[in-house]
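Student: As you go down the protein sequences, you meet chains V and C in turn.
So for the first sequence, the numbering used here puts the first residue at 5; every next one is plus one.
So for the second sequence, the numbering used here puts the first residue at 1080; every next one is plus one.
Keep in mind that the hints were calculated from the coordinates and are not lab data.
Be aware that a few hints might be false.
Stated by the list, open to error - Cut-off 25 Å, straight-line C-alpha distance, at most; resulting in silico cross-link-like pairs (DMTMM-like, lysine to aspartate or glutamate):
id, chain 1, residue 1, chain 2, residue 2
1, V, Lys107, C, Glu1212
2, C, Lys1264, V, Glu133
3, C, Lys1167, C, Asp1112
4, V, Lys348, V, Glu319
5, V, Lys117, V, Glu181
6, V, Lys186, C, Glu1249
7, V, Lys119, C, Asp1161
8, V, Lys272, V, Glu283
9, V, Lys257, V, Asp215
10, V, Lys107, V, Glu157
11, C, Lys1242, V, Glu133
12, C, Lys1340, V, Glu283
13, V, Lys134, C, Asp1244
14, V, Lys159, V, Glu59
15, C, Lys1163, V, Glu59
16, V, Lys7, V, Glu99
17, C, Lys1245, V, Asp21
18, V, Lys89, C, Glu1135
19, V, Lys272, V, Asp339
20, V, Lys333, V, Glu312
21, V, Lys326, V, Glu283
22, V, Lys333, V, Asp242
23, C, Lys1264, V, Asp21
24, V, Lys80, C, Asp1244
As the list claims (entries may be wrong) - A few chain C residues that don't get close to chain V, going by computed Cβ distances all over 10 Å:
id, residue
25, Pro1089
26, Phe1090
27, Thr1098
28, Leu1123
29, Ile1146
30, Pro1154
31, Leu1157
32, Phe1172
33, Leu1222
34, Ser1246
35, Val1247
36, Leu1254
37, Val1265
38, Met1327
39, Ile1333
Even glycine gets a Cβ: it sits at the ideal position worked out from N, Cα and C.
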Amino acid sequence: MAKELIRLENISKAFGDNLVLDNFNLTVNENEFITLLGPSGCGKTTTLRIVGGFETPDSGKVIFEGRDITQVPPNKRHINTVFQKYALFPHMSIEENIAFGLKVSKKSDAYIKDKVKYALKLVNLEGYEKRKIDSLSGGQQQRIAMARAIVNEPKVLLLDEPLGALDLKLRQEMQYELIRLKNELGITFIYVTHDQEEALTMSDKVVVMNDGRIQQMGSPEEIYNEPENAFVADFIGDSNIVDGIMVQDRVVKICGTIFDCVDEGFGKNKPVDVVIRPEDIILSKPGKGIMDGEVIHNVFIGVHYEMEVLAGGFEWLVQSTKSFPVGSKVSMRVDPDNIQIMHKPKSHDEEAIALDV
Amino acid sequence: MYKRKLLASPFMVMILIGTIIPLCAIGYYGLTDELGGFTFENLLAIFEPDHLKALELSLILAAVSTIICFLIAYPLGLILRDSKLGEKGFIIFIFIIPMWMNFLLRTMAWQTMLERNGLFNSLMDFMGIPFVEIMNTPYAVVLGMVYDFLPFMVLPIYNVLSKMDKSVIEAAYDLGASKLKVLSKVILPLSVPGIVSGVTMVFVPSLTTFVISNMLGGGKINLIGNIIEQEFTVTNNWNLGAGLSLVMMIFIVISMAFIAKFDKNGEGGLL
Ligand SMILES: Nc1ncnc2c1ncn2[C@@H]1O[C@H](COP(=O)(O)OP(=O)(O)OP(=O)(O)O)[C@@H](O)[C@H]1O
Ligand SMILES: [Mg+2]
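Isolated chain C (complex conformation) (with noise of 0.2 Å):
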């Protein structure tokens, strides 16, 4: 018992470095003024009109990114699950591998392609569409979101799918389940804990993304993750940007709490 707990000690530390730590830094700065005296002023800041249409924006941005995911690795999940084992491993394969790819690099390759003389107006150029600005806009937020986040939703999505007991599946067809049947009624509850999975992995980086924005959006798109941290590196007030972490913190822990309500089972997917 004793031995256990030393071999543990290592992690302990860890933990108390990487995340005890900071995050009481965090409420720290964040429930206290320049000056070091209590206060809420900083979780209350939250409620100032711009801060609240950057929250607004990234929820929006967030939830959209989020369904196309799921709308794209779901349906890639039922294909895998049907396909043989070489196919389904190089399909996978090509889903991972941007993952080996350093986020920024990623998201810089997609500036380059979507700038106004870049591959992507080229080629839209070539086809004879007329030149769409997509660069600088929301929508060139919710691509690189999507782009970068796309790999966290198949994941889990895929792994639940795949390991989802055939003959289930096959009983629902014996009892005289259509298609459709069998998956509303058999395979998509049976995947609650995949999707859940893969939501939360993609909702939550994207609500709180300020690279993706800073790089796609130019500066014009703002969310909430880049008024945090211009209150760090440019306003120099790390007061109110702990204040916003922490309401942000607070918001996804509920919002998480609620997701895993539907999550009944309990077991999580990968990773």
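In isolation and in its complexed conformation, chain V is listed as follows (with noise of 0.2 Å):
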């Protein structure tokens, strides 16, 4: 059974007249590697924040092992931070930054320099001690900064875009060390992100932000593979979202079309939101598929070729590994348990977002 470690009870935070975090609630376990995922300006870096002490919660408790530590300042935390400029001290070696918070809580010198001898070579930059911050690339930069941050033995590690400011190659192989250096220091991280993918490859629990709200939490697979509501759905990864009629228990018309789905309990005849991921359409001869229709845009991507089909009113995104060339007649067909059907939201901003969509 997971320890409960952190826990953040009804958070409020407004900045002026702009409700950033609304009545927000998140347990975090030991050892979890947990990603707040959600579009620019919807409160994660607020929150992670608040969980640093940097912010004061408008209201609502900061839980830490069970204590209250709403108004703790940050230096009385014993919870480090690896920000998203790296923010080294430019005016210090890198020895000496990240001998700084060893320093500061008067640790013996023969034991700081092992811890850094020790952090440096967790993070693969042996032998750097005495070079200069502005030496440094940016990688190289944000490796110093999670060894300054964990020779501290932090219990929780706070991440705030750590690799937003790398390029492609550098950020995946960024990726699977910050997952092995998790494992090897087993401290709990508190990673934010807007990249989807990052948040999917390298957590055990996604939370889906937006508004100051959770929309949905749950593993990365839960996350993509049943979306709970259209801004979730939309917001990880491609995917179709169309107007349905739940016409009764797994039957669901979507485009006129009548389709075969897994769901139930929605009621007779109730307008949904429908979700299909691209890759779950699947392309035949015409007549072959339920619902036929045109390609209209056709480009190879890589893996896969990204095709629209206009069928049923609709610009169905599709991706295939199987080219048809644009003006080509289909026919396309999805199994039943590849149709995600969502109630329609309810709350205003919700219909806001789901009319973005």
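Combine the two chains into a complex, taking the hints into account.
Tutor: Here it is as structure tokens:
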């Protein structure tokens, strides 16, 4: 049974009249890699800063190991942060940067020396002790920022888009490095990103946020395969989100065509949102599928072709390794368990999101 | 390339007329006697007891003024860094306004305020504090220097402090440092460039001023600036005046080089 480490209880935070976090609740367990995922401005950094102690919530509590730390300043929390822009001390050598936290807590020189060496080894930068910060590449600075945080053996490491400034290849490399580090150190990671791929690759638990509220929380598989609402479906991966009518249990009408699905309990003839992932649409010759249409767009994007198919008055995004040229008539089919049915949003902002989609 | 040189030529002329030629003139007068013969005597004149005494007093008063300016400007910079945008602009404005007024007028204002029946003493009198003679003492001169040169300390320090990366400071707190530790280990070292330019811009004019000491010292406070001024205007000994100026220049260049050693990053603040 996982042990609870941090609990955010009914946190609200506003800047002026901009309500950034709205009654936010989150539990983080020991040794968990949890990712806050959401579009720019949704309050991810603010959440992290509240955990780190750099921001005080207007209401609500931060509980750390059963203790209320809402009013505890950052320098008294057993939590360390890796900042988005690294925030290394430019006037210190790498060694001094990493040793900063240990020196402040008055550790012995021998201990500090050992620890710095160990930390540099962990991040694959052995022998860099005397180098200047500005002589390092972005990726290397990132690693030093990691090393500087982890030498203090925090219970929790907060990471605010730590890979945001790196190029794709380096980012992927660092993703594996981070997972390795986490497993080696056994500390809890709270990770912020707006890159859904990064979130799905690295996390044990993904928290999808929008407008200061949690839209969905779950394992990467759950988030991807069973999005709870149109926002999550749209934000995680590519998807087709269409209006549908739930005719009865396990039968849905999409763009005038009846499809079989696996969902039940929506009632009869109820309007719903339907999510179909582009890779789940199977194209074939006309008449062979359920709904006929025409390919209006086709690009090769590496592993597969990305096509747009006009069918039933909707432009469907389809990904397939088999190419159908533009203009060709095709027929679409979807396996019943790849059709995801969702309730229509109720609140006003959720409606706004659905319209955006 | 050629065109760029052409564009620069007006500035070249300005530098020539405004800097190089006067420098050469000072060099010429400073290293010759009345008859035009080469001599080091004007430079060595700094070692005359009167001149040494004036130099010593100048150094002390300039150093004291610089320290006072720093002690005012640095905390002010720290406060401004943390205050809201509107307040920030207002406070900076308050400190800058005096700079828009003529320097002589400002000093003269202090003269009338500090004099025997001036505002200052009336106020003291009103509060029941016995009469203190500030006018024509080194205190008055220091007061004038601080008042006149404070903005030159405030601006570069404010500039470097407000441009300092917030996340670096947060990182220091994050790693467990107390407020004092953050100030001494991170904020202070990172603001050295601003401090250096502030110190330079207060110390140098304080060291060489003769107007402030004339107006607020009442001729009793003889700074090296006053002695040089008198050589030019009263005694009409241009050679000696230029010689002493040269010594001061060398002196300042050496102390700047010394200060610059602290400014490792080499990036000066504003101005
Ligand atoms: N100190 C502040 N003062 C005023 N508004 C702020 C402050 N910090 C954040 N905000 C506002 O709060 C909202 C959420 O900001 P936050 O930084 O948490 O977003 P984010 O999810 O981290 O976005 P991003 O992905 O762009 O980093 C934004 O609208 C932002 O403008
Ligand atoms: Mg952010």
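Student: All hints, please: hold or fail.
Tutor: Outcome of the hint check:
| no. | hint | verdict |
| --- | --- | --- |
| 1 | V:Lys107 <-> C:Glu1212 | violated, 52 Å |
| 2 | C:Lys1264 <-> V:Glu133 | holds, 19 Å |
| 3 | C:Lys1167 <-> C:Asp1112 | violated, 55 Å |
| 4 | V:Lys348 <-> V:Glu319 | holds, 20 Å |
| 5 | V:Lys117 <-> V:Glu181 | holds, 23 Å |
| 6 | V:Lys186 <-> C:Glu1249 | holds, 23 Å |
| 7 | V:Lys119 <-> C:Asp1161 | violated, 35 Å |
| 8 | V:Lys272 <-> V:Glu283 | violated, 29 Å |
| 9 | V:Lys257 <-> V:Asp215 | violated, 31 Å |
| 10 | V:Lys107 <-> V:Glu157 | holds, 14 Å |
| 11 | C:Lys1242 <-> V:Glu133 | violated, 28 Å |
| 12 | C:Lys1340 <-> V:Glu283 | violated, 64 Å |
| 13 | V:Lys134 <-> C:Asp1244 | holds, 23 Å |
| 14 | V:Lys159 <-> V:Glu59 | holds, 19 Å |
| 15 | C:Lys1163 <-> V:Glu59 | holds, 16 Å |
| 16 | V:Lys7 <-> V:Glu99 | violated, 35 Å |
| 17 | C:Lys1245 <-> V:Asp21 | holds, 24 Å |
| 18 | V:Lys89 <-> C:Glu1135 | violated, 49 Å |
| 19 | V:Lys272 <-> V:Asp339 | holds, 22 Å |
| 20 | V:Lys333 <-> V:Glu312 | holds, 12 Å |
| 21 | V:Lys326 <-> V:Glu283 | holds, 11 Å |
| 22 | V:Lys333 <-> V:Asp242 | holds, 23 Å |
| 23 | C:Lys1264 <-> V:Asp21 | violated, 37 Å |
| 24 | V:Lys80 <-> C:Asp1244 | holds, 22 Å |
| 25 | Pro1089 | holds, 37 Å |
| 26 | Phe1090 | holds, 32 Å |
| 27 | Thr1098 | holds, 34 Å |
| 28 | Leu1123 | holds, 43 Å |
| 29 | Ile1146 | holds, 23 Å |
| 30 | Pro1154 | holds, 21 Å |
| 31 | Leu1157 | holds, 18 Å |
| 32 | Phe1172 | holds, 24 Å |
| 33 | Leu1222 | holds, 35 Å |
| 34 | Ser1246 | violated, 4 Å |
| 35 | Val1247 | violated, 5 Å |
| 36 | Leu1254 | violated, 4 Å |
| 37 | Val1265 | violated, 6 Å |
| 38 | Met1327 | holds, 33 Å |
| 39 | Ile1333 | holds, 26 Å |
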